[in-house]
Amino acid sequence: MTELIELSALEQAKLIREKKISAVELLEATLKQVDAVDGRPGSLDTPVEEPEDLEKVHAFILLTKAHALEKAAEVDRKIAAGEALGVLAGVPYSAKDVYCTKGIQTTAASRILEGWKPPYDSTVIERMNQAGAVMFGKVNLDEFTFGGSNETTAFKPTVRNPWGLDRVPGGSSGGSAAAVSANEGAISLGTDTGGSIREPAAFTGIVGVKPTYGRVSRYGVIPFASSMDTMGPLTRTVSDAAVVLREIAGFDPRDNVTGRVPVEDYLAELEEGIRGLRIGISPDYLKITYLDDDGNYSSAAIDPEIEKSVWRAAEIFRSLGAEIIEDVPMANTKYSVPAYFVITRIEAYSNLQRFDGLKYGHTTKEPVRDMYELYYKSRGEGFGYQAKLRLLTGMFASQEKFYEKYYRRAQRARALIRRDFDDAFDPAGKYRLDAILTPSTPSPAFKFGGATASDSLLMQFADQFTSPMNFAGTPGVSFPCGLSSEGLPIGLQATGYDYCESKILRIAYAFEQATSEEDWRKVKPAALR
Amino acid sequence: MEDETITIEMFNEFVQVAEVELTPEEAVSIRAKMNEQLKVIHELEAIPLEADLPPVIHGNPYPREIQAPLREDIWTPFENPQSIISQAPRSQDGYIVSPDVPHQRLG
Numbered sequence: 001m002t003e004l005i006e007l008s009a010l011e012q013a014k015l016i017r018e019k020k021i022s023a024v025e026l027l028e029a030t031l032k033q034v035d036a037v038d039g040r041p042g043s044l045d046t047p048v049e050e051p052e053d054l055e056k057v058h059a060f061i062l063l064t065k066a067h068a069l070e071k072a073a074e075v076d077r078k079i080a081a082g083e084a085l086g087v088l089a090g091v092p093y094s095a096k097d098v099y100c101t102k103g104i105q106t107t108a109a110s111r112i113l114e115g116w117k118p119p120y121d122s123t124v125i126e127r128m129n130q131a132g133a134v135m136f137g138k139v140n141l142d143e144f145t146f147g148g149s150n151e152t153t154a155f156k157p158t159v160r161n162p163w164g165l166d167r168v169p170g171g172s173s174g175g176s177a178a179a180v181s182a183n184e185g186a187i188s189l190g191t192d193t194g195g196s197i198r199e200p201a202a203f204t205g206i207v208g209v210k211p212t213y214g215r216v217s218r219y220g221v222i223p224f225a226s227s228m229d230t231m232g233p234l235t236r237t238v239s240d241a242a243v244v245l246r247e248i249a250g251f252d253p254r255d256n257v258t259g260r261v262p263v264e265d266y267l268a269e270l271e272e273g274i275r276g277l278r279i280g281i282s283p284d285y286l287k288i289t290y291l292d293d294d295g296n297y298s299s300a301a302i303d304p305e306i307e308k309s310v311w312r313a314a315e316i317f318r319s320l321g322a323e324i325i326e327d328v329p330m331a332n333t334k335y336s337v338p339a340y341f342v343i344t345r346i347e348a349y350s351n352l353q354r355f356d357g358l359k360y361g362h363t364t365k366e367p368v369r370d371m372y373e374l375y376y377k378s379r380g381e382g383f384g385y386q387a388k389l390r391l392l393t394g395m396f397a398s399q400e401k402f403y404e405k406y407y408r409r410a411q412r413a414r415a416l417i418r419r420d421f422d423d424a425f426d427p428a429g430k431y432r433l434d435a436i437l438t439p440s441t442p443s444p445a446f447k448f449g450g451a452t453a454s455d456s457l458l459m460q461f462a463d464q465f466t467s468p469m470n471f472a473g474t475p476g477v478s479f480p481c482g483l484s485s486e487g488l489p490i491g492l493q494a495t496g497y498d499y500c501e502s503k504i505l506r507i508a509y510a511f512e513q514a515t516s517e518e519d520w521r522k523v524k525p526a527a528l529r
Numbered sequence: 530m531e532d533e534t535i536t537i538e539m540f541n542e543f544v545q546v547a548e549v550e551l552t553p554e555e556a557v558s559i560r561a562k563m564n565e566q567l568k569v570i571h572e573l574e575a576i577p578l579e580a581d582l583p584p585v586i587h588g589n590p591y592p593r594e595i596q597a598p599l600r601e602d603i604w605t606p607f608e609n610p611q612s613i614i615s616q617a618p619r620s621q622d623g624y625i626v627s628p629d630v631p632h633q634r635l636g
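Residue numbers (our numbering), protein chains in the order written: chain A, 1 to 529; chain B, 530 to 636.
Extracted from the complex, chain A is given alone in its bound form (with noise of 0.2 Å):
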């Protein structure tokens, strides 16, 4: 029997709203689950991990029962009482520790932020309010979002794949992929800068959502680079994908790149199936391209299952009425590297700038002379490492006398990459595609230490298929398409043109329901097991 946990967000709030469980039942069994696997939280005072630390999921940094509990009896009442209710009601879910919740401590994952509670909600957790979900807790990511496995956070112990505990979720919404994952509520929301919600989902074996640049409010959110922060929703389903998008997305005068574009039921229109749509297929998402040690462009084959899983899923979308548009060139997308690394190092530098020991947060206990030593003590302990590396990296791109060639330059190349976008979404251009079909990563999830492996060239470029998509502001989502023969879970990724999220959700969505019968389904996480 399907236990509660296990459901989706919107079977949990069909059931909620019959009356058939209290939201505080739910609640009540979430939390149980978390216990049951999660382990101690992610804190900054347990500088090593325990060997017992090994063997559990470790998604969350902060539990918010008594809050979560408040709103779900709340709903409860509203339920008895015969009042309107919200999508979501009673719903739990987790959110990344950079969307600001007023009240509740708010890190980032960086000891700089410690005890800092913010006194407003950003707009995302306002209208998941709206929506009647119940925030139930706060997830670890990488330190700023500054990774793409979790092992950057400052709150240890670090959190674990629950496909294979010594794996990593990926990064940085790696606590969210995980939790969701483990059970541990069927929702989390992400973040995504370079891949950041895309490349977990992958690893976890569920579905993420980056949605296009613009399209949700980055209100009250703390910044990585502000020119490609994204949010969006983590998932077991495609529907559950839909529907939080759906609440979450539109215009919000407080963050002036929200479009005045109006939002789709996504969810109601995932029933229209694919029948007609034109998916992409391009050989520079089947590789991996890098400068070698003699300054010329080398290629790297991703992982034969992976690109097997493409090939798999372009004939079922074939067989659903899809058109597959094979060999279509997206040349550009090897630049997006070094460009990426500008921008978002510069960027990242500016938005860091504001935590300063003196406002909130961190601030150093040793005495100090003046305003500049409290600064320069206070960041010096707060921040860890990769934040630091990517400060002085930051600073150093952005010098005036390098503007033109590094950050302007960056900025030209981000023209590039977006015009491969344009060119294959044209419609009276050659290609007229609805949809690209790409791996999302390179690979399966990899083990702890394995980014920074040298002679690793798929884990170094893990981001490699899903940074285009935030220089081109364009959306995408992952879903699982299978498990490789180690038992890991593969995501491929659907990325559309500006405001196409209802044709990728779709794509997605009709790959879940041709497969819902596949073995490979019924495999749960190591964790779980």
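Read the hints as simulated data drawn from the structure, not as lab findings.
Where hints are given, some of them may not hold.
Unchecked claim - Far from chain B, by Cβ distances over 10 Å, these chain A residues were calculated:
{"id": "1", "residue": "P41"}
{"id": "2", "residue": "N351"}
{"id": "3", "residue": "M395"}
{"id": "4", "residue": "A428"}
{"id": "5", "residue": "T474"}
Said to hold, decoys possible - Pairwise CB distance ranges (calculated):
{"id": "6", "chain 1": "A", "residue 1": "S484", "chain 2": "B", "residue 2": "S558", "range": "29 to 37 Å"}
{"id": "7", "chain 1": "B", "residue 1": "N541", "chain 2": "A", "residue 2": "E518", "range": "55 to 63 Å"}
{"id": "8", "chain 1": "B", "residue 1": "S615", "chain 2": "A", "residue 2": "A514", "range": "52 to 60 Å"}
{"id": "9", "chain 1": "A", "residue 1": "V261", "chain 2": "B", "residue 2": "N541", "range": "47 to 55 Å"}
{"id": "10", "chain 1": "A", "residue 1": "E404", "chain 2": "B", "residue 2": "I625", "range": "32 to 40 Å"}
{"id": "11", "chain 1": "B", "residue 1": "R634", "chain 2": "A", "residue 2": "D35", "range": "55 to 63 Å"}
{"id": "12", "chain 1": "A", "residue 1": "S299", "chain 2": "B", "residue 2": "D581", "range": "24 to 32 Å"}
{"id": "13", "chain 1": "A", "residue 1": "W311", "chain 2": "B", "residue 2": "M539", "range": "43 to 51 Å"}
{"id": "14", "chain 1": "B", "residue 1": "V630", "chain 2": "A", "residue 2": "E307", "range": "53 to 61 Å"}
{"id": "15", "chain 1": "B", "residue 1": "P553", "chain 2": "A", "residue 2": "D426", "range": "50 to 58 Å"}
{"id": "16", "chain 1": "A", "residue 1": "E50", "chain 2": "B", "residue 2": "Q611", "range": "36 to 44 Å"}
{"id": "17", "chain 1": "A", "residue 1": "D426", "chain 2": "B", "residue 2": "L578", "range": "33 to 41 Å"}
{"id": "18", "chain 1": "B", "residue 1": "S558", "chain 2": "A", "residue 2": "A514", "range": "30 to 38 Å"}
{"id": "19", "chain 1": "A", "residue 1": "R354", "chain 2": "B", "residue 2": "D581", "range": "53 to 61 Å"}
Every residue, glycine too, gets a C-beta built ideally from N, C-alpha and C.
Let chain A serve as the given structure and place chain B on it in line with the hints.
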């Protein structure tokens, strides 16, 4: 490819301007890592860019018809300023308390 090694002197200046204290071990490691990463930054030079290709500040266009209208310049007080002040490590009488701010000669 231009050689632009970050020297110890340059690095120490960055650290001062960035106002972030490093341990001796961090300083050695981060400077080495930055010099390694220069290779990635220099990959920008290998990108063939047409002379008239303009820079973009974000990827997708943001035409006027979807932009937010300019808001009126009206001051709106925050509902609870004390909730902001109370987050400061040191505050007094509704003000954030800072150590002395030394005068610096600009130039």
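- prompt: Quick one: are R354(A) and D581(B) within 53 to 61 Å, going by C-beta?
  reply: 36 Å, violated
- prompt: Is it true that S615(B) and A514(A) lie within 52 to 60 Å of each other by Cβ?
  reply: The hint (52 to 60 Å, Cβ to Cβ) holds, given that S615(B) and A514(A) are roughly 54 Å apart.
query: Can we confirm that no CB of chain B comes within 10 Å of the CB of N351(A)?
result: The claim holds: N351(A) sits with its nearest Cβ about 13 Å from chain B, beyond 10 Å.
- request: Quick one: work out the minimum CB distance from M395(A) to chain B and report holds if it exceeds 10 Å, violated otherwise.
  value: At roughly 5 Å from the nearest Cβ of chain B, M395(A) sits no farther out than 10 Å, so the non-interface label is violated.
- request: Given the range 29 to 37 Å, decide if the beta-carbon distance of S484(A) to S558(B) lies inside it.
  value: 34 Å, holds
task: Confirm or reject the claim that E404(A) and I625(B) have a C-beta distance inside 32 to 40 Å.
output: 39 Å, holds
- request: Classify the label on A428(A) as holds or violated, using whether its beta-carbon is more than 10 Å from each beta-carbon of chain B.
  value: 17 Å, holds
message: Just to be sure I understand the hint, the distance between the Cβ atoms of D426(A) and L578(B) should be within 33 to 41 Å; is that true here?
response: Since D426(A) and L578(B) have Cβ atoms about 21 Å apart, the given range 33 to 41 Å is violated.
task: Evaluate the given range 43 to 51 Å for the C-beta pair formed by W311(A) and M539(B).
output: 50 Å Cβ-Cβ, so the 43 to 51 Å window holds.
message: Taking 50 to 58 Å as the stated bounds, is the beta-carbon spacing between P553(B) and D426(A) within them?
response: 55 Å, holds
message: Range first: 47 to 55 Å. Now tell me if the beta carbons of V261(A) and N541(B) are that far apart.
response: At 48 Å between Cβs, range holds.
- request: For the range 55 to 63 Å, tell me whether the beta carbons of N541(B) and E518(A) fit it or not.
  value: 58 Å, holds
Checked against the numbered hints given earlier, the structure breaks hints 3, 5, 17, 18, 19 and satisfies all the rest.
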